[in-house]
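Peer 1: Residue-level listing of the chains:
Number of protein chains: 2
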Amino acid sequence: MRQNLRVNGARLWSRLQRLAEEGARPDGGVCRLALSDADKAGRDLVVQWMRELGLTVTIDAIGNVVGVRRGEEDGAPVMIGSHIDTVATGGRYDGALGVLGGLEVIETLNDAGVVTKRPLAVAFFTNEEGARFQPDMFGSLVFTGAMALETALTSVSIDGRKAGEELKRIGYGGDAPVGKPNVHAYVELHVEQGPTLEAEGFAIGAVEGVQGISWTEFTLTGQANHAGTTPMRMRHDAGYVAAAIAVHARRIADELGGDQVATVGALTLSPNLVNVVAERALMTIDLRNTDNERLKQAEARLMSFAVKAAAGEGVTLEARSLARFDPVPFAPHLVARVEAIAKAFDLPVKRLPSGAGHDAQMLAAICPACMIFTPSAGGISHNIAEYTKPEDIAAGADVLLRLVTELAE
Amino acid sequence: MRQNLRVNGARLWSRLQRLAEEGARPDGGVCRLALSDADKAGRDLVVQWMRELGLTVTIDAIGNVVGVRRGEEDGAPVMIGSHIDTVATGGRYDGALGVLGGLEVIETLNDAGVVTKRPLAVAFFTNEEGARFQPDMFGSLVFTGAMALETALTSVSIDGRKAGEELKRIGYGGDAPVGKPNVHAYVELHVEQGPTLEAEGFAIGAVEGVQGISWTEFTLTGQANHAGTTPMRMRHDAGYVAAAIAVHARRIADELGGDQVATVGALTLSPNLVNVVAERALMTIDLRNTDNERLKQAEARLMSFAVKAAAGEGVTLEARSLARFDPVPFAPHLVARVEAIAKAFDLPVKRLPSGAGHDAQMLAAICPACMIFTPSAGGISHNIAEYTKPEDIAAGADVLLRLVTELAE
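Protein chains in written order, with the numbering used here: chain W, 1 to 409; chain V, 1 to 409.
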């Protein structure tokens, strides 16, 4: 019986569109920055839905909201979660899909009269995006005990407000305890935010883990010189070294292969004039891999090349780490189940890494966790044009339903 | 007798320092923008010196000033020239050396009682730098007939004034004819403005010509994408293509060798963020060579690579020529004489191109012309720190003296 359960895709789609009205932008996108008035309106709506579905709602001191559905037995719930905050030019699906997908799972089980052995929970975490407060994902960080509550409460927003004050103002500073989570397993349904599934014709992504991230800033200092009067052999061209490093970063990604990506997204020359050899180049290198050993290899090869290239040109190199996070692998047995369930539903499925961060990576530290990806049209996210087809959303929610009911037995 | 004539280096040095007082900057540099009050003061001083030395001064309609010393015979004079305008953060020697070096030649001949067969002339041309009016060198362009007087007179300065009005205001709109120059030969003594002579231990540069210049702007348009979620094979990274072109520009210069230089001085990415693949790159490529065929080769190789690199990445390429000037070779027999005279004086001499533009390239269109370079400390010019040692300045003026007395026989 439970094997045949399917979600109501139209109902889930309708909830997604309804939530998008809170913080709706005139251009069709959504601006629901964490702990803003729009976020409060979105929270109120989701909490109302949770209560209508019979969930017991608790709110903790950093504003994370958890709605619990009782099981046949007590104990740690199987949690479905994500976030409902957005970036300023956000879309309708990033985050919202995981939360409202969870509600759709609950409603489907309610309609079918199914009570799972373990409790189920649907959660949304505060400030996943980090678009209003730093750091991003402080809700799930505090929830799992990886960050002190006080640190998050005193975070100051881009508009100069403390998170603690904003929580109080919108009425979402609750009394549920933080830092001692009791979760049996965690599953997050999310849009891919990348182009792979759509481009390759897959409906479901079985997410193997979140890529480790290494951000480095290089400051190269050479000598400003006249582009006409300075022979090539006498140059100390910071711009040339920066370009050589950018080209080499691509080569490293190509040679390491697999999930390795490398991006030089920011590069600024000075004085930045057509006829002056650049004295200074400021550049960033973003390296990511799900395999920490390969990520370290990429970092080492990049640094070795940069040091050599700078020395060869008589340019000084200063390197500064801007961010470094180890990869987070998801529970292999859960990844395998996502894959198997999708296949059972005849949904084309691909294992892939997540290139972006998600609350699931915090939950992975305290319980078996995994993610299910649905395709993003054109790979576009953090953009008002973000879109996922209704049938893909329904398919993702079906996989979510099957997986959490299995886990709750 | 004339073979043994030497300039008075101390007197020349003293005039250079005195002229630097007009438009002096508090930091030791000079700001004597064309047709400004400071330029007027500098002009008045040089004209006064010309008259004190017995020269007959004429001023033409674009403000070029020519002081003529009679020869034994009438006819076209051998002209020594340069400019006295500076950039806003200029030094004391760029331009001034050629003009005051000319006056020193005159005074040395006066002192020795030498009258040359042909007349001699010392000239300074208006707005060589182009720091206040566009285009640069419009004085010598009008003088030689390469530009219509009206075009130059209606040029509007960076502070919104017409050149014609400024000439009238400072009293340097004269009545000498333009566009029909009568010059037997032209010699310009100038600081190198590059590092080669100093770095390689030469006192004199025998300038073979002015490099041809090719400036191209590339606009590369790809697709902004998430640096984590977009696999390498799906990228359209405008920044990567720009970097590859910059690296290839260096390779072209290395492979062509000789005088070929290549510079990517300006490169701007957008959105220029650490974690976003660049959608757009705007870059300039500055190619220069004294050999026009090789310069064309460099241009063709660059364009061929850029087109291929952009296509390979699925990035569109727009190319726009910002400037293109053919090389200007100086009269070979004059270049050879500079070299020979320097050697006769036991001055280490090197043939080299000029990477910067000079009035001499305009004069080269109407008479045999050449330039003599003196070393620039650290290759620095267009900078308050511009410096050339007194003994190098005296050596350059000695070569100038010998060459013009030869040419005036």
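FYI, nobody ran anything at the bench for these hints, they're computed from the structure.
Heads up, a few of these hints could be off.
Quick list of the computed label-pair ranges, beta carbon to beta carbon [said to hold, decoys possible]:
id, chain 1, residue 1, chain 2, residue 2, range
1, W, R233, V, A10, 35 to 45 Å
2, W, G312, V, E293, 29 to 39 Å
3, V, E200, W, T316, 18 to 28 Å
4, W, K308, V, D27, 35 to 45 Å
Ideal placement from N, C-alpha and C gives every residue a C-beta, glycine not left out.
Peer 1: Hint by hint, say whether it matches the structure.
Peer 2: So, going through the hints one by one against the coordinates:
no., hint, verdict
1, R233(W) to A10(V): 35 to 45 Å, "holds (36 Å)"
2, G312(W) to E293(V): 29 to 39 Å, "holds (30 Å)"
3, E200(V) to T316(W): 18 to 28 Å, "holds (25 Å)"
4, K308(W) to D27(V): 35 to 45 Å, "holds (38 Å)"
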